Each structure stands twice: as structure tokens, then as C-alpha cells.
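In order, the protein sequence lines correspond to chains U and Y. Sequential numbering from 1 applies to the first sequence in my numbering. Sequential numbering from 1 applies to the second sequence in my numbering.
The set of hints was computed from the structure by calculation and includes no laboratory data. Do not rely on the hints blindly, as some may be mistaken.
Copies of one chain are not kept apart here, so a pair can be met inside one copy or by any two copies together.
Below, computed lysine-lysine pairings styled on DSS-like, alpha-carbon distance capped at 25 Å [as the list claims (entries may be wrong)]: (1) Lys305 to Lys286; (2) Lys219 to Lys208; (3) Lys421 to Lys305; (4) Lys306 to Lys102; (5) Lys284 to Lys162; (6) Lys162 to Lys102; (7) Lys421 to Lys102; (8) Lys286 to Lys421; (9) Lys162 to Lys286; (10) Lys421 to Lys23; (11) Lys421 to Lys306; (12) Lys162 to Lys421; (13) Lys306 to Lys286; (14) Lys305 to Lys284; (15) Lys219 to Lys23; (16) Lys421 to Lys284; (17) Lys416 to Lys305; (18) Lys219 to Lys421; (19) Lys416 to Lys286; (20) Lys219 to Lys286.
Note that the structure is predicted; figures quoted are calculated from it, not measured.
Protein chains: 2
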Amino acid sequence: MHIRDYMQQLGQQARQASRIMAKANTHTKNQALAHIASAIRRDRSLLRQANEQDTTQARAEGLAPALLDRLTLTEAGIAAMAEGLEQIASLPDPIGEITNLKFRPSGIQVGQMRVPLGVIGIIYEARPNVTVDAAGLCVKSGNATILRGGSEAIHCNRLLAKIVQEGLVSVGLPANAVQVVETTDRAAVGEMITLTEYIDVIVPRGGKELIARLTREAKVPMIKHLDGICHVYVDDTADTVKALDVAFNAKCQRYGTCNTMETLLVSRAIARQILPPLAAHYEKEKVELRCDVESLSILDSYPYKKQAEEADWYTEYLAPILAIRIVDGLDGAIEHINTCSSHHTDAIVTENYDNATRFLREVDSASVMVNASTRFADGFEYGLGAEIGISNDKLHARGPVGLEGLTSQKYIVLGKGEIRK
Amino acid sequence: MHIRDYMQQLGQQARQASRIMAKANTHTKNQALAHIASAIRRDRSLLRQANEQDTTQARAEGLAPALLDRLTLTEAGIAAMAEGLEQIASLPDPIGEITNLKFRPSGIQVGQMRVPLGVIGIIYEARPNVTVDAAGLCVKSGNATILRGGSEAIHCNRLLAKIVQEGLVSVGLPANAVQVVETTDRAAVGEMITLTEYIDVIVPRGGKELIARLTREAKVPMIKHLDGICHVYVDDTADTVKALDVAFNAKCQRYGTCNTMETLLVSRAIARQILPPLAAHYEKEKVELRCDVESLSILDSYPYKKQAEEADWYTEYLAPILAIRIVDGLDGAIEHINTCSSHHTDAIVTENYDNATRFLREVDSASVMVNASTRFADGFEYGLGAEIGISNDKLHARGPVGLEGLTSQKYIVLGKGEIRK
Chain U
1 MHIRDYMQQL GQQARQASRI MAKANTHTKN QALAHIASAI RRDRSLLRQA
51 NEQDTTQARA EGLAPALLDR LTLTEAGIAA MAEGLEQIAS LPDPIGEITN
101 LKFRPSGIQV GQMRVPLGVI GIIYEARPNV TVDAAGLCVK SGNATILRGG
151 SEAIHCNRLL AKIVQEGLVS VGLPANAVQV VETTDRAAVG EMITLTEYID
201 VIVPRGGKEL IARLTREAKV PMIKHLDGIC HVYVDDTADT VKALDVAFNA
251 KCQRYGTCNT METLLVSRAI ARQILPPLAA HYEKEKVELR CDVESLSILD
301 SYPYKKQAEE ADWYTEYLAP ILAIRIVDGL DGAIEHINTC SSHHTDAIVT
351 ENYDNATRFL REVDSASVMV NASTRFADGF EYGLGAEIGI SNDKLHARGP
401 VGLEGLTSQK YIVLGKGEIR K
Chain Y
1 MHIRDYMQQL GQQARQASRI MAKANTHTKN QALAHIASAI RRDRSLLRQA
51 NEQDTTQARA EGLAPALLDR LTLTEAGIAA MAEGLEQIAS LPDPIGEITN
101 LKFRPSGIQV GQMRVPLGVI GIIYEARPNV TVDAAGLCVK SGNATILRGG
151 SEAIHCNRLL AKIVQEGLVS VGLPANAVQV VETTDRAAVG EMITLTEYID
201 VIVPRGGKEL IARLTREAKV PMIKHLDGIC HVYVDDTADT VKALDVAFNA
251 KCQRYGTCNT METLLVSRAI ARQILPPLAA HYEKEKVELR CDVESLSILD
301 SYPYKKQAEE ADWYTEYLAP ILAIRIVDGL DGAIEHINTC SSHHTDAIVT
351 ENYDNATRFL REVDSASVMV NASTRFADGF EYGLGAEIGI SNDKLHARGP
401 VGLEGLTSQK YIVLGKGEIR K
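Pulled out of the complex, with its shape left as it was, chain U reads as follows:
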């Protein structure tokens, strides 16, 4: 079958299944998730075999070690998949929730009901656990989904799709509510992002270049972020212990995540007090510091330093590298962040109430924090239960996107025969 016809068929099947999923009751959806979790545990050796096929092939094709690492499914990884589904089952069902139901002078009662978006497309690389997480979130939120994982994970993803579909069918839900694109043909992605008739939103997960390209070519709306250029700003009145804790954790707790700090801003008034002890911590981790002229002179004796270039203020290192800039207090920090940030997550460390308030209001990012590490920007940490992705856009969902981000609200009107005068 031609790839366009194949994707059209998946789309039509998903649209049909989405109608049934939208009506499915909470108990049935939770039962399906429980069945899938059990089946994943039951089939764990089959899953490891399929994953070994993938990793063997990937190794032969010289896949980068980082990707190979994400592709590999361990015994613990399989257990985590199953637990993740049980966690999603334990979350409240967002669908059907009615809010703000109020009487109007005309006599009608107007409110909003939360409903599924319809069909969610997920485009991702390597990690087979995304298949299960995304399927779980979509099932719980009453959506159908089309999953397009990386070709390197195809054996494992096919098996997971089989397990998920069995679980759906066992409780009377349509198998087509979760479909995995069975071809590794790259053209499938191009078809998927233009399937406006059958896909309501796409969540692309992957490198910045991939997502930038998809965004340019897509006709289906996306929930996405390109990168995370996150800042910590240490204000004049920062508490030293909090500043050192937050600035060290935000950079060093994990380097490769999108909520890791990439630029540290320090108010001139406190720079000589904060930077030397902070650098002592970074030195243990051999963090390379790319400093503006002023901070460079303060960190004179630091062994791993360089003078920052303009491009450093716009770079997501995802590595033990940190840009540092001295700013003129709060206004300078907000100006720098609103210019250079990727609007993902930015934090202030301060003891000053007005400055905290202004930072919260004026920094235009998906997550804005006071006295907390940027590493907290995450669906689990925020209490969403799980996340399908993170959005840096302002429309629809912003920040970590959980079940609610896969829903929308329609208006409902309850009357007793009212007519418009």
C-alpha cells in the first residue's frame, strides 16, 4: 500500500475509534490500563527479546551511545512502564468534568464540559517507554492516538502495540484507539503532520532540529518545545545558601534535560559574594564557565573558564557548561531573560517580596520560579501525574502537559425552552 493511503487509513481508523473512546466510562478506561500493565509484566521476556533485536541492529548501524542507551529496555524499565500505567489509572478522569455552570439573566445555565481533543499523533525517537506512556495518557483522556516511534525501536514498539491493543479489546474498547505506525518509511512522518482531517494535534518529541523542521512543514497544530535555555537569576537580596543550592542543582543534577539551567545571571550587588563559593562547587564537577568580562575577573582563579561570546546567551549546552553574566539587578535580569530565554523555565533567588512578585509576573516563560531549582519543571513534580510533553507555546497548553492538555472544554447550555429575544 502506498504510504499516503496507509496513513490515511490509520487516520480514518483513529477518528472512528476516537468517537467510541470519547464515550468510554472511567472504569472501562482504567480496566484497560490495568490489563495492559499486567500484560507488560507477563510478556517481559518477549519485550526484552524484541528490544534486543532493536539494540543489536542499532549497534550494527552505529547508533550514537546516548540514543542506544535510551533505546535499551531493562527489567526495571519494563516494571516502570507497567507502574506508569497504574499511576495513570489512579489519576482522576478529566473527561466529562463540568465547571462554571452558572445561571444567566435569560434563564439558561451556561458552563463548560471537558472533552477529549480527538486524535493525538505522537512522533518520537528511540525510547520505547514513550509508546506506553503516551498510549496510557491518550486512553485515560478518551483520545485515540497514532504513535510514530523511531525506526530503531520498531520491533519493541510493534510488540507493545499488540499488548496495548489486546488490553483495549479485552474491555470492549476499539483496538484502533492506539495504533503504531508499522512502517519505518520516513515519509510516514511527512504524511502524519499534514493529516488535518484525522489528527487534531501532534506532540513531537526529539531534538531541536527535528522539531523545528516538523513545525515548518506541519499543518496539524503541535504541542511542542524546541529547546530549554533556562536561567537562574541571583538577586541582590538572595540568601546565600539558597542561591548556592539552587544554582548548583539547576546545572548539575542532570545535564541533558530541557529544564537544566544554561545561563546564570547574578546581580552586580551580590556577585563577589556568590560567585566564588558557587564556583568551588562547580569546580568539583569540572563545569566549564563561559563568563562575561565582569564575572570573568571575579572568577580569575577558576580553572575551566572562557570568555562568553554573544552566541552563549542563546545556547542550550545540555552539558557541563554554564554561561554566566552579571546584570544590573532585577530589571537587567528580566530584560536578558525575555530576550534570550527559550521561554521554558526561569528562576529567581531572592528574599525580596516585590522582586519575587515582579519576576513572577514579568518573565514571559512557561514556568517561572522563586527560590526553587529549574529542574522541578516536570509533569510529575507539578502533580500532573505524568506528562506527554512540554509546551513552550502560549496557545492551548503551556509548560508540562498532562492529561488536561489532551482535552478541551466545550460550552454546555441547559435550558427549559428559553429563546433569544
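Given chain U's structure and the hints, the job is docking chain Y onto it.
Coordinates of chain Y only, in the frame set by chain U:
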């Protein structure tokens, strides 16, 4: 100046102004709206002169009477503009609202803060009151806006822009928070819909063809609806009085609005009871009925009838024409609506609790109603205070869009120095 450079300049100016508008406090924004309202009243004769220039030219160019009607600014229309601004001023300020602030096990407190979208582009035709309504809503919601009205209203719109900008400046807000595109060059629209760097969302208002074309070519996201193919379904157990009231009002209260009923669905079980008395009402208004075979035989003696063709189920007449179809109860109605509706507004008339509940849940439209006229689907009737437009899309805003639709929610995190373990 080349049109591209001109639009880029408007965009840059809007983006700068939006930063200041986002910080503006409630009192200042309300004061600006009050000043503009006074100035509109003060300058009413100037406004009528400018409008007369527009209408004279439009008449000379042979503008359609309907458009000419919408273009004409009466004394009452000017008063309504000023009142509209005062109403917007009296609405609660959505900006800065913090919701769901909850402690997490890590110690951080996570919530959401409502913030402006940034820069809103409005593309519309004829009606000069849209200039003032849209400016008012954008100012109140802390956004900057670029307004592109129809070339036929350019004199009036230029004067309105001057009045609005004076009002902004008089309270210390930037004039560029509300800019009117001063050229009538159509290329301006093409530039506007691709200005992703400077415009966050576009609200197009106009005919279906215009909006469909803009949607195809736009790179900036849109809040829009193409058309309103709205249904009333009369269920088996409908109360006759409510059914006649709602079905007559939904069609005949106004023909040209997007929330007017275009297709009436009647359950077979009640068709012979409902259709003849309802037709007696329609006959007074000379409504043409396009009937399926079954309803045609029931309405045998109706003078203005035709047999419906397949295309009738997908047509927005905006005229005294109504398609009628007999369906197999609730399931048939939901199937027809989810297939043929434009997902704008659909209503059921029923006394049955389960059927009301199922209709509300299963009909996939922006507004779903029980025992109320579809004509209620409107920002004022829903209590939003005013509307910038209506969205048939599922992402971001759905249904009538008021102040909240011009905002988004960012996450805020309040900590005491917490770090991620």
C-alpha cells in the same frame, strides 16, 4: 516603505508595546478604556464625517447593500461603541489571576498565573465597531494588537485609531499597543498572517472563503470559525411547546448569524406531532423547507418546500431556508450531527434525562445545548462580557472567545530553596 518592511515595523512596535501592556495594572487599563469612551462621544460628529467619506466611496464603488449596512456608523452605533468599552472596563481583570496553587511533596508550591498572549492580530471587514471592541478587549487583557480592517472603512478606522491611541497615551500606556494598518494594500494581510515572530495569534472575522484562504496560508495560529451549520434535534420525548419555541427561534430570530439553525432533525416517533404545527409558524415567515423524503410527505401541503439534496446537510444558508430530516431517535441525530455539523452549536429538545446527558457528552461541538435556542451561543449571552470571535477549533479556546481566550496560563513555582533530588 515596502509593505513587508511596514508590517515588520508594526510587528516590532507591537511586540515592544506588549511588554509594557503585560505589566500595566488594572486601574490604568480601565482608565484608558474610560478615556477612549469619552473621546468617542466627544468626537462623534468627526466620526460620522469620516464614516460618511467611507460610505460615499463605498456606494460609488457599488459595495453590496449588506456590507454597506454594516459599514454605516449611526449615532446609536457610536454610543454603543463607547458603552461597550465601559462594559469591558467593568469586567474583572483576567491578568495576574493565580489558580490551583498547591504544595507538592517536594516542598514547592505549584500553581498557574494568567498572562496575556502578547500580540493579537485582527483581520476583519467593513464594521468599524470591531476596531473599538477588539482594541478594548486587547487593552483589558494586557495585549498589544494590530488591527486590519477592511479598506472600505479606512477613514473611520484611522480616526478611531487616533482616538484610541490618545486614550492610551493619556494614562501613560504606549500608543503602539493598538495599531491600525494604515494601508489598504491587500498584501498587508498576507504579511500579517506569516509574522510569527511578532504576532502570537490572529482572529480573522469575515466570510467563509476569506477565512479558509487565510487558514491555508497562515503561519500564525488562528482563533476562528469558518461557518455555523447548527442543528436542533427534537427528541421522542420533547415537550411540544419547547420544541416549537426553540425550533422557530433558532431559525427565524435572525437569519444571517452563525448560530442560526440550518438543519432541523426530528425523531421519527414525534415527527407527525411536531412538524405540521411547526411548519405553520415557518409559513408565516415564508421559510423554504428542504425536506428529506419522509418529512416531505408529512409536510405535503406546505407551500415553500423542496426535496433536500445531499448538499443541503452541509449548507449554511444564512437565509429563510431550513433543511429538515427525520432520524432514528438520539443515535441517528448524534450520527448526523457529528458528520454534518460545523461543530459550532447544536441543541436537543427533550424531556428525557439520559438522552439530554448523552447529547451533551457525545455531540462534538463548541456549544451543545438542551432545551435552548442555538441563538444563545454568543459571548454576551454566555456572560463573557464581550467576544472577540467564536472558535470552532478544539485547541486553546472553543466557542465564544472573550477576555480569557486572549490569555494563557503559565506555571509558577514558589519555593524556599528546594532542589531536585
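Status of each hint after checking the structure:
1. In this assembly of identical chains, Lys305 and Lys286 lie within 25 Å of each other by CA distance solely inside one copy; the values are 10 Å within and 84 Å between copies.
2. Within a single copy, Lys219 and Lys208 get their C-alpha atoms as close as 18 Å, and across copies as close as 19 Å, so both meet the 25 Å cut-off.
3. Within a single copy, Lys421 and Lys305 get their C-alpha atoms no closer than 73 Å, and across copies no closer than 27 Å, so neither meets the 25 Å cut-off.
4. Taking the shortest Cα distances, Lys306 and Lys102 never come within 25 Å of each other, neither inside one copy (61 Å) nor across copies (41 Å).
5. For a Cα distance limit of 25 Å, the shortest separation of Lys284 from Lys162 qualifies neither inside one copy, at 48 Å, nor across copies, at 61 Å.
6. In this homomeric assembly, Lys162 and Lys102 never come within 25 Å of each other (Cα to Cα): the closest approach is 45 Å inside a single copy and 39 Å across copies.
7. In the homo-oligomer, the alpha carbons of Lys421 and Lys102 lie at most 25 Å apart inside one protomer (20 Å), although the nearest pairing across protomers, at 44 Å, exceeds that limit.
8. In the homo-oligomer, the alpha carbons of Lys286 and Lys421 lie at most 25 Å apart only across protomers (20 Å), although the nearest pairing inside one protomer, at 73 Å, exceeds that limit.
9. In this assembly of identical chains, Lys162 and Lys286 lie within 25 Å of each other by CA distance neither inside one copy nor across copies; the values are 46 Å within and 59 Å between.
10. For the homomeric pair Lys421 and Lys23, neither the shortest alpha-carbon distance inside one copy (35 Å) nor that between copies (40 Å) is at most 25 Å.
11. For the identical chains of this complex, Lys421 and Lys306 are neighbours neither inside a copy (72 Å) nor across copies (30 Å), given an alpha-carbon limit of 25 Å.
12. For the identical chains of this complex, Lys162 and Lys421 are neighbours neither inside a copy (56 Å) nor across copies (36 Å), given an alpha-carbon limit of 25 Å.
13. When the C-alpha separation of Lys306 and Lys286 is checked against a cutoff of 25 Å, the pair qualifies only within one copy, where the shortest distance is 13 Å, while the shortest distance between copies is 82 Å.
14. When the C-alpha separation of Lys305 and Lys284 is checked against a cutoff of 25 Å, the pair qualifies only within one copy, where the shortest distance is 14 Å, while the shortest distance between copies is 86 Å.
15. For a Cα distance limit of 25 Å, the shortest separation of Lys219 from Lys23 qualifies neither inside one copy, at 28 Å, nor across copies, at 34 Å.
16. For a Cα distance limit of 25 Å, the shortest separation of Lys421 from Lys284 across copies, 18 Å, qualifies, whereas the shortest one inside one copy, 75 Å, does not.
17. Neither within a single protomer nor between protomers do Lys416 and Lys305 lie at most 25 Å apart by alpha-carbon distance, with minima of 73 Å and 30 Å respectively.
18. For the homomeric pair Lys219 and Lys421, neither the shortest alpha-carbon distance inside one copy (41 Å) nor that between copies (40 Å) is at most 25 Å.
19. Taking identical chains as interchangeable, the C-alpha atoms of Lys416 and Lys286 are never at most 25 Å apart, the minima being 71 Å within one chain and 27 Å between chains.
20. For the identical chains of this complex, Lys219 and Lys286 are neighbours neither inside a copy (44 Å) nor across copies (43 Å), given an alpha-carbon limit of 25 Å.
This entry does not satisfy hints 3, 4, 5, 6, 9, 10, 11, 12, 15, 17, 18, 19 and 20, going by the numbered hints stated previously.
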